[in-house]
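Q: Take a look at the letters that make up each chain.
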Amino acid sequence: MKRVAAALLLRWESVLVLLIIAVGLWCRSLSPLFLTKLNLLDLATPYIFVGLMALGLTFVVIAAEIDISVASILAVSVVVIGQIYETGTSIWFAATVGLLVATALGLFNGFLVAALALPSLAVTLGTLAAYRGLAFLIHSGEGVATFPTGFTNIGIGYVWGQQVPVALLVFVGTAIGLGFLLHATRFGRYIYAVGSSREAARYSGIPVTSVRMAVFGISGFMAGVAGFVYIGFFGSSRADAADGSLLDVVTAVVLGGVDIFGGSGSIVGVVLAVFLIAELRNGMQLDNIGGDTQNIVIGCLLLGAILAGNGIRALQASGLRQRLARARKKEVVRTKGQAEGIS
Amino acid sequence: MNASEPAARTPLVELRGISKTYGGVHAVEDVSFGIAPASTHALVGENGAGKSTLVKILTGVVSPDTGTVLVEGEPRSVGSPSAAHRLGIVAMYQDPTVFEDLTVAENVFAGRYPRRRGLVVDWKAMRREASRLLEEIGADFAPDAPVRGLSVADRQLIEIAKALSSSARLLIMDEPTAALSLQEVDNLFAVVRRLHDRGVSVIFISHRLEEVSEIADTVTILRDGRHVETRPAARLPHAEMIRLMVGRPLDALFPKEEAEIGEAVLRAEGLTRRGVFSDISFEVRRGEIVGLAGFVGSGRTEVARCIFGIDKLDAGRLWIEGRPFTPRSPRAALRRGLAYLPEDRLRQGLVQPMSIERNTSMAVLPEISPAGILRPRRERWLARSFMERLSIKATAPTQVVRSLSGGNQQKVVLSKWLAAQPRILILDEPTHGVDVGTKADVHRTISNLATQGLAILLISSELLEILGMADRVLVIREGRLVGELSREAATQEAIVQAAAGVRAAP
Amino acid sequence: MNLGSRMVGANTLAQAAFRLREAGIFIALAVAVLFFWARADNFMTVSNWQNIATDVAIVAVLAVGQTMVVLTRNIDLSVGSIVGLTAYISSDTLAKHQGLPLGAVVLIAVAIGLGLGLVNGLLVTVGRIPAIIATIGTLAIYRGLLFEITNGKNVLAFQLPERFLDLAAKKPLGLPTLAWIALVVGVIGAAFLRWSPWGRDFYAVGSNPDAARFAGIPVGRRVMSAFMISGGLAGLAGFMFAARFASVDAVAGTNLEFDAVTAVVIGGVNVFGGSGTVLGAVLGAVLVATIQDGFTLLKLSEFWKIFFNGTAIVVAVTIDALVTQRLQEALRRRRRAEIVAAREQAGATAREREVPT
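Sequence order for the protein chains is A, B and C.
Using the working numbering, the first residue of the first sequence is number 22, and each one after it goes up by one.
Using the working numbering, the first residue of the second sequence is number 132, and each one after it goes up by one.
Using the working numbering, the first residue of the third sequence is number 6, and each one after it goes up by one.
Careful: at least some of the hints might be erroneous.
[Stated by the list, open to error] Using 25 Å as the maximum straight-line C-alpha spacing, the simulated SDA-like pairs for lysine to any residue come out as follows:
1) B/Lys443 to C/Arg337
2) B/Lys443 to A/Ser161
3) B/Lys443 to A/Ile159
4) B/Lys443 to C/Leu327
5) B/Lys524 to B/Arg511
6) C/Lys304 to A/Glu220
7) B/Lys387 to B/Arg611
8) B/Lys187 to B/Arg511
9) C/Lys304 to A/Ser161
10) C/Lys304 to A/Ile159
11) B/Lys187 to C/Phe300
Treat the hints as calculated values from the structure; they're not laboratory data.
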C-alpha cells in the first residue's frame with residue numbers, strides 16, 4: 022500500500038495537482054470569491070484556446086519535434102473565417118474552410134520536416150513569421166464585426182443554467198478525444214515509438230514519415246479548433262490573433278510533463294498544466310500584476326519545468342545504472358552455473 | 132612471451148595481465164604482450180576475440196579490471212582519452228569522424244591551431260605544416276580542400292596526419308582497409324612504413340591475412356578474449372594463423388534438431404548495391420538454416436537491410452514463396468512474411484524506454500489492434516507467452532527493456548519478430564554480446580523454429596554458432612559471394628579461409 | 006608518391022559552392038535595388054540610403070552576435086528583448102545623468118547584455134535546455150523585466166542629450182555614425198571568427214560537437230561565450246536603438262530577433278552549425294533592410310516585411326539542405342572518379358597476391 026501511495030505521489034501529474042491546490046490557496050487569500058463554483062468553472066475560459074493549441078503541440082513534441090508556428094496558424098485560420106463569412110456564406114461553412122486551411126498549413130510544416138528532412142526548429146521558426154505575415158496580407162484591418170451567437174457560444178457561451186462554459190466542455194471533450202487517440206490507438210503508440218527511437222520504429226515497420234507528417238497536421242488542426250474558441254471569446258478575427266500566446270502554449274506542454282526531447286508525456290499532464298497556468302494568471306491578475314510581468318513568472322515556469330525534467334531523468338539514469346550493475350552481478354553467478362551445467 | 136625476439140628492447144607499449152569483464156562476459160582475460168618501437172604489430176582474431184576491448188583500454192576509453200599498461204617500461208594509468216593522447220597513443224577507426232564543414236588543415240589542427248604571437252591563428256603556418264604532413268604521408272589532396280567531399284581513405288590520411296602532428300608514438304588502426312581500394316591500401320602501407328622512419332609504431336587490426344603478412348612485423352593472435360600467440364610475421368603462415376584463431380574444441384552449444392527441408396521460400400538473384408555488394412544470389416528453403424559468414428564489413432548486414440526494404444537495391448531480383456517481391460519498406464516485407472532482426476540491438480531493435488510488452492507488439496500492432504484501437508490485454512498476453520517460451524527473465528511484462536540484461540533484451544527483440552509469425556527470418560548477430568545461458572536459449576529457439584518450417588538466414592561472425600546451427604554456409608567477402616559449404620564440409624578453417632580469401636593449404 | 010595537382014577539380018567545386026552563397030546575396034541585392042529603383046520614388050536618394058544604413062546598422066550588429074550562436078548549432082531568440090532592456094536603460098540613464106560620457110553608457114549596456122547572455126548560456130549548457138526553448142523563455146522574462154522597469158513610462162526625446170541623438174543624426178563621411186559603429190563591429194566579428202582560435206572553435210563545435218569534445222575543445226565554455234557575445238552585442242544594439250529612436254518604451258525591440266535570424270539565415274550561416282561568415286550575415290542584414298525599406302517606399306503594408314522574413318527563412322533553409330546534399334554527392338562522385346583514374350594511371354589492376362602457405 023505504501024509503495025502504491027509513493028508511486029502515485031511521485032508522478033509528475035500529482036505534483037501538478039498539488040501546485041494547483043497551492044496556487045488556489047494563494048488566490049483565495051487574494052479574493053474570497055475565488056473558491057466559488059462559478060469562478061472556478063470559468064477560470065480557464067480565457068485560456069481554452071491556449072490549451073487547445075497545447076493539446077495539438079503535445080503530439081508534435083512527443084514525436085521529438087517542435088512547432089512554434091501554431092499561434093500564427095490560428096491567426097490565418099481566424100482571418101480566413103472572418104473574410105469568408107463576410108462574403109455572406111454560412112458561418113459553419115467559413116469555419117470548415119478555416120479548419121481545413123489550418124490543417125493544410127500544419128501539413129505543410131510536416132512536409133518540410135518529414136519529407137524534406139529539414140529541422141523542425143528552423144522550419145517552424147520561418148513559418149511562424151510567414152504565416153503571421155500571411156494572415157495580415159489576407160486581411161490587415163479590423164475583424165468582422167459580429168459573428169452569430171451560435172458560433173460565438175463555442176468561446177463564450179454557457180450551458181446548464183449559465184454555469185458551465187461551453188469552451189470548457191470543448192476543451193475537456195477534445196482532451197478526452199485526443200487522449201484516446203494518443204494513449205489508446207495504434208497511431209498514438211507509433212508516435213511514442215518514433216519520438217523515442219526513430220530507427221527502431223522504422224525497423225519495426227512503422228511508417229515513420231507519415232507519422233511525422235501527421236503530428237504536424239494535428240497541430241495545425243488544433244490551432245484551427247482553437248481559432249473557433251478564440252473568435253467566440255474575444256469576438257475578433259484579426260490577424261494579430263493569439264500574438265504572444267506561444268509562451269503559454271509551449272509552457273503548458275512542458276509543464277505538463279511532456280519530455281522536450283520526445284518519447285514521453287501524457288494528455289492528462291497537459292490539461293492539468295493548462296489549468297495551473299490559467300489559475301496562476303488569474304491569481305496574478307487579482308494581485309494587480311501586469312500581463313508582461315506575469316510573463317516573467319510563466320517564463321520561469323517554462324525553464325524550471327525543463328530543468329526539473331532533466332534533473333529527474335539524470336537521477337533515474339544513475340539509479341538505473343546502479344540497478345543494472347547489481348542485476349549483472351547476479352547474471353554472472355547464474356550463467357556460471359548454467360555453463361557448468363551444459364558441458 | 133616473445134622468446135623469438137632478437138635483442139630484448141624495451142617495448143614501446145606493453146600489456147601485462149589485462150582483464151576486463153562486461154556484464155558477466157569476459158571480454159579479455161589475462162592478456163599480455165608487448166609492442167616494439169618503430170614496428171607494425173598486427174592484432175588478429177575473430178569478432179569477439181577481444182580486439183576492440185584492448186583498443187578501448189589502450190586509448191583510455193575504459194579501464195581494465197586487472198593488469199597494467201606500460202609505456203616505455205613505466206607503468207601508466209591510461210584513465211581517459213586525453214591521458215592516452217598525452218602518452219602518445221592514438222586510435223584511428225574505419226570511418227574517422229571528421230568536421231565535415233571544415234578544411235583538411237582545420238581538421239588536422241582542430242583545437243590546437245598554430246598561433247602567431249600566441250594570440251592569433253597562423254593560417255600560413257597551419258597550411259604549411261599540413262602540406263608538409265600530407266606530403267610526408269603521400270596524400271594527394273591539398274590542405275585547403277573541404278573535408279566534405281573526401282573519401283574514407285582520405286579521411287584516414289587526415290587522421291594519420293593529425294596523429295603525427297600531435298607526436299603520437301603508437302597509432303592504432305582498427306580495420307583500416309575495409310573500405311579501401313587496392314591502390315589506397317598500397318598508399319596506406321607506404322605511409323605506415325614512413326611512420327616507422329619517424330619512430331612511430333602501429334597496431335594493425337585486420338582480418339585480411341594477406342595484408343597482415345605484407346605489412347606486419349609481429350602478429351598477436353587473440354581468441355575468445357585470451358592471448359594465444361605472439362610471433363614474428365615471417366614465421367607465421369596463413370594456415371597456422373587461422374588454426375590459432377579458431378582452434379577450439381567443438382563442444383556443441385546445443386545439438387541441432389533435424390528439420391525437414393522443403394522448397395525454396397526465399398530466392399535472391401544478382402543482388403547488387405553499388406559499392407557495397409554485387410551479384411549476390413542464393414536461396415533459403417523451408418526448415419533450413421543458412422549461415423551467412425564473413426568478416427565485419429563484408430556486406431552481409433547490407434544485403435539483409437536491402438532485402439528488408441531499409442536500403443535500396445541497385446539491381447537484382449527477389450522471390451518469396453515463388454512470387455516476385457520488391458522490397459519497398461519493412462512493412463511491405465512483413466506483409467510477405469519476412470522479418471529481420473537487426474544487428475544493433477539497442478538502436479535498431481528496441482525502443483529502450485518502452486516496456487517489454489510494448490516492444491514485443493510493435494511490429495504486429497496492425498494485426499492485434501482492430502480498428503486501430505490498442506488491446507493492452509492482448510499485448511500483455513503476447514508478451515507473457517513469449518517471456519515464457521523464451522525464458523525472458525524480468526519482473527513483469529511492464530518492465531522497461533532498458534533495464535534488462537543484454538541477453539534478455541535480445542530475447543525481447545526476437546519475440547517482436549516471432550510475434551509477426553514470419554515464414555522467413557533473417558537474424559543478424561542474434562547472440563552478439565549475450566551471455567552463455569541466453570545463447571543456448573536462443574539457439575534452441577532457432578533450431579525449433581526451423582523444425583516448424585521457418586526458413587532462416589543466420590548472419591553471424593561466430594564460427595561455432597554457424598557451424599552448430601547451419602545446414603549450409605554461404606561465405607561473403609568484400610561484397611561478393613565466394614563460397615558455399617555444406618554442413619559436412621564446413622569447418623572453422625574452411626570458413627575463415629574463404630572469408631579471408633586464402634587458398635586452402637594442400 | 007606523386008602529389009598535389011590532382012585534387013584541384015573537387016576543391017574548386019566546393020569552394021565555388023561556398024562562394025555561390027555570397028554571390029547569390031549580391032545578386033539578390035542587385036535585383037532588389039534595381040527593382041525598387043524602378044518602382045519606388047526616392048529610393049536612390051542619398052537620404053534614403055542613409056536611412057537604410059541606420060536600419061542596417063542595428064540589425065547588422067545583432068546579426069554578428071546571432072552568427073556566433075548559430076555557428077555553434079544554437080539560436081538566440083531573446084535578443085529583441087535584450088535590445089529593449091538595454092535601450093531603455095541607456096536612455097533612462099542618460100536622461101537622469103546628462104553629463105555621463107557616452108562611452109560609459111555603452112559599457113553599461115554591453116555589460117547588461119553580457120549578463121543576460123550569460124544566463125542564456127547557462128540555461129543551454131548547464132541546464133541542457135534546447136536553445137530555442139530557453140531563449141523563448143528568456144525572451145518573455147527579459148521583456149517582462151523591461152515592463153517592470155519602465156512602469157508604463159517611457160523616455161522622451163527631449164530628455165536626452167544632443168550628442169547622444171547626434172549619433173543617429175550626424176553623418177561623418179556621408180555615413181551615419183551608427184553605421185560606422187556597425188561596420189567596426191562587423192570587422193571585429195569577422196576578425197574574431199577568422200583569426201582567433203576561440204572563434205575557430207565555434208565552427209568545430211557546430212560542425213561536430215562530439216568530435217570537438219574529443220579534440221579537447223571545451224564545448225560548454227565555447228557555447229556559453231557565444232551566447233554572451235550575442236547578448237553583449239544586443240546590448241550595444243540597444244544603445245544604438247535608443248540613439249536612433251530616442252523615445253524608448255517597453256515594446257522597444259519587439260521582433261528584432263526575427264530580423265537578425267533572417268539576416269543570418271539568408272547570409273548563408275547554416276542552421277545546422279559549422280559554417281557561415283560574418284560577411285554573409287551582414288550582407289543578409291543589408292538585403293533584409295533594403296527590401297524592407299523598399300516595401301515601405303512602395304507603401305506596402307509592413308506585414309509584407311514579416312511575411313518576407315518568414316518565407317526567406319524557410320526558403321533559405323530548404324535550399325541549404327538540398328544544396329548541401331547535392332554538393333556532397335557531387336564531391337564524392339568526383340573524388341571516386343579521381344581515385345579510379347589514378348588507379349588506371351598507375352597501372353594497378355587486381356593482382357593476385359602471393360599466399361605463403
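Q: Would you mind marking each hint as holding or not holding in the structure?
A: Right, here's what the structure says about each hint:
1. B/Lys443 to C/Arg337: Answer holds: B/Lys443 to C/Arg337 is near 19 Å, not above 25 Å.
2. B/Lys443 to A/Ser161: Not OK: B/Lys443 and A/Ser161 at ~50 Å, beyond 25 Å, violated.
3. B/Lys443 to A/Ile159: Given that 25 Å is the threshold and the Cα spacing comes to 45 Å, the pair is violated.
4. B/Lys443 to C/Leu327: Distance of about 20 Å is within 25 Å: holds.
5. B/Lys524 to B/Arg511: Answer holds: B/Lys524 to B/Arg511 is near 15 Å, not above 25 Å.
6. C/Lys304 to A/Glu220: violated, 51 Å
7. B/Lys387 to B/Arg611: Measuring from Cα to Cα gives roughly 28 Å; hence the hint is violated.
8. B/Lys187 to B/Arg511: violated, 40 Å
9. C/Lys304 to A/Ser161: holds, 14 Å
10. C/Lys304 to A/Ile159: holds, 17 Å
11. B/Lys187 to C/Phe300: Between B/Lys187 and C/Phe300 the Cα gap is close to 61 Å, so the pair fails against 25 Å, i.e. violated.
Comparing the model with each numbered hint stated earlier shows that hints 2, 3, 6, 7, 8, 11 do not hold.
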